[in-house]
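Below, each chain spelled out in residue letters.
There are 2 protein chains.
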Amino acid sequence: MTVSMLFAYPDQESMTQTISDHLHAPIGQAVFRSFPDGESYVRLLEEVKGKKIAIVCSLNQPDPKLIPLLFFAKTAKDLGVTHVTLIAPYLAYMRQDTRFHPGESFSSKYFAALISQYFDALITVDPHLHRHKTLDEVYSIPTYVLHAAPLLAAWIREHVKQPLIMGPDSESRQWVSQVADLINAPYQVLEKERHGDKSVSVSFPQVEQYRNYTPIVVDDVISTAHTMIEVVEALKSAKMKKVICMAVHAVFAGDAFKRLSKTHVRQIVTCNTITHPSNAIDLGRSIAEVLSSE
Amino acid sequence: MTVSMLFAYPDQESMTQTISDHLHAPIGQAVFRSFPDGESYVRLLEEVKGKKIAIVCSLNQPDPKLIPLLFFAKTAKDLGVTHVTLIAPYLAYMRQDTRFHPGESFSSKYFAALISQYFDALITVDPHLHRHKTLDEVYSIPTYVLHAAPLLAAWIREHVKQPLIMGPDSESRQWVSQVADLINAPYQVLEKERHGDKSVSVSFPQVEQYRNYTPIVVDDVISTAHTMIEVVEALKSAKMKKVICMAVHAVFAGDAFKRLSKTHVRQIVTCNTITHPSNAIDLGRSIAEVLSSE
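Protein sequence lines, in the order shown, are assigned to chains V and F.
Numbering follows the numbering used here, with no gaps: position 118 of the first sequence is 118.
Numbering follows the numbering used here, with no gaps: position 3 of the second sequence is 1003.
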């Protein structure tokens, strides 16, 4: 799409910089600020007429970000920008991908419609697809989905001698097996039952044969960390080595990171799709490759 | 528009109840909640097919409210609602009603386009119109604008013996004079110069002739309260009686209410367009009248 200028939503400067470095495209100056009454002010300080641009805005805690983000896209178009790509390394509203109960909002569809209306393309990393097979079922703009599995595998190969890859639930099987295959490591997938937002129970496999291995629990998102903590504690009970917790997206709701850190954990490793102290794997190059492609 | 069911956005229960009482229409049950990761969940628990409904959501601190509000409207339509009215007693994004500088977002227009896309009608109270003569310049749906001046005048008539109505700036002249005329009281309008968001200087009229009067400073919005505080302090210096500060919309950014309360103030009086301890004037009946009209 040959994007020629990048913009950073507030707090996205770090990811924007790594993309810019790989893309060899400048970061444009823009103002995002709030009036004292909580209304947002957005201004582009660059000559953008006729350009294709992209803005980096990871969509964790999405609600307060939406108005400034849509205003940015609209302003850019008013200024003559021909194509605006949204780079949302973490994509929001993938959870409510059907009406589970009568009267519920079909949020994945509604959110996708809003984004599709204001942007011309979307780049994201491992969206939490479940009932939707692809983003194209809800997004009407071109979407580019990157997969972090090869980068997770590369990190493990470099940092862990004898890894045992563990998936916290059956949903994770597909890409836990992919990570394991890439580094010829054994893997196990736990069975998880979810009771509401916060309560989860796991059933535990026979891992005693792997006591000399370093267990690496891999998930796409760590949000409340309830699942991850249950798994880590079960591994501790089984007298396994300290665990590496690995996820693509460091959502970490509330004090989840602190609680997880206090368990039988050797390290918590995430990608930089959401800026967080646990970030260790950089998606900048992969995103830049999409932006510089035709 | 013969609305047959009302809904309350969170924290709007009180205003919704007063409208419901006057309209003799029930308040429908709906769920607005957040998942631990900050995404919003919306559900309507009523049979609404074929109905005309309205939701009450004052748009102070608007950004985090927008997604749940738009999801509500979209869900209602999906459930067969024929007409959704937004009752926003306080309307947001009236400030940026032009591009003051190149590259700025034209927020009043963008926000109006969003609301017009999801709702079928808008009811509001004294929007902060400046460059736009009417809301119709930016809203493409029918808009109903209520004016609080008669209710402010009625409150003053009932509570203050010898009032001097004061407008804090030339923009307020038109409706300060209207309030004063309704109760045959004298009025004065101060001249204000604004320097950025927070700094304001006022020039002071000759008010010594009104030393026996109770000064009532009337404005449409109290936000940072900087203007109001300057006016009150100038009136104190002129040895005027303690001041009644009166506004339609109790925005009160940050600690503005606390700071204003500590000055030479007898009372702070606002309408219930934004729920606040200073609310003393009820717009519920006026809004119900619009809802029950053809």
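Worth flagging that the hints you see were computed from the coordinates, not collected in a lab.
Every residue gets a Cβ at the ideal spot worked out from N, C-alpha and C, and that includes glycine.
Heads up, some of the hints might be wrong.
[Unchecked claim] Pairs of lysine to aspartate or glutamate residues, derived as EDC-like cross-links and limited to a Cα-Cα distance of at most 16 Å, are as follows:
1) F:Lys1109 / V:Asp78
2) V:Lys49 / V:Asp78
3) V:Lys239 / V:Asp220
4) V:Lys49 / F:Glu1104
5) V:Lys51 / V:Asp120
6) V:Lys77 / F:Glu1104
7) V:Lys109 / V:Glu137
8) V:Lys109 / F:Asp1078
9) F:Lys1109 / F:Asp1136
10) F:Lys1049 / V:Glu104
11) F:Lys1109 / F:Glu1137
12) F:Lys1133 / F:Glu1104
13) F:Lys1077 / F:Asp1120
14) F:Lys1077 / V:Glu104
15) F:Lys1051 / F:Asp1011
16) F:Lys1051 / F:Glu1137
17) F:Lys1239 / F:Glu1208
18) V:Lys262 / V:Glu230
[To be verified] Derived, one-sided and incomplete: chain F residues facing chain V with beta-carbon distance under 8 Å:
19) Thr1018
20) Gly1038
21) Asp1220
22) Gly1254
Evaluated hints:
1. F:Lys1109 / V:Asp78: This hinted pair holds, its Cα atoms lying about 12 Å apart.
2. V:Lys49 / V:Asp78: Given that 16 Å is the threshold and the Cα spacing comes to 9 Å, the pair holds.
3. V:Lys239 / V:Asp220: violated, 26 Å
4. V:Lys49 / F:Glu1104: holds, 14 Å
5. V:Lys51 / V:Asp120: holds, 13 Å
6. V:Lys77 / F:Glu1104: With Cα atoms ~12 Å apart, V:Lys77 and F:Glu1104 stay inside 16 Å; holds.
7. V:Lys109 / V:Glu137: holds, 8 Å
8. V:Lys109 / F:Asp1078: holds, 12 Å
9. F:Lys1109 / F:Asp1136: This hinted pair holds, its Cα atoms lying about 11 Å apart.
10. F:Lys1049 / V:Glu104: holds, 14 Å
11. F:Lys1109 / F:Glu1137: Within the cut-off at roughly 8 Å; holds.
12. F:Lys1133 / F:Glu1104: Status violated; Cα separation ~21 Å.
13. F:Lys1077 / F:Asp1120: holds, 11 Å
14. F:Lys1077 / V:Glu104: Holds, because 12 Å separates the two Cα atoms, which is no more than 16 Å.
15. F:Lys1051 / F:Asp1011: Violated - the C-alpha atoms of F:Asp1011 and F:Lys1051 are around 24 Å apart, more than 16 Å.
16. F:Lys1051 / F:Glu1137: violated, 29 Å
17. F:Lys1239 / F:Glu1208: Holds, at about 8 Å.
18. V:Lys262 / V:Glu230: holds, 13 Å
19. Thr1018: violated, 24 Å
20. Gly1038: holds, 4 Å
21. Asp1220: violated, 13 Å
22. Gly1254: holds, 7 Å
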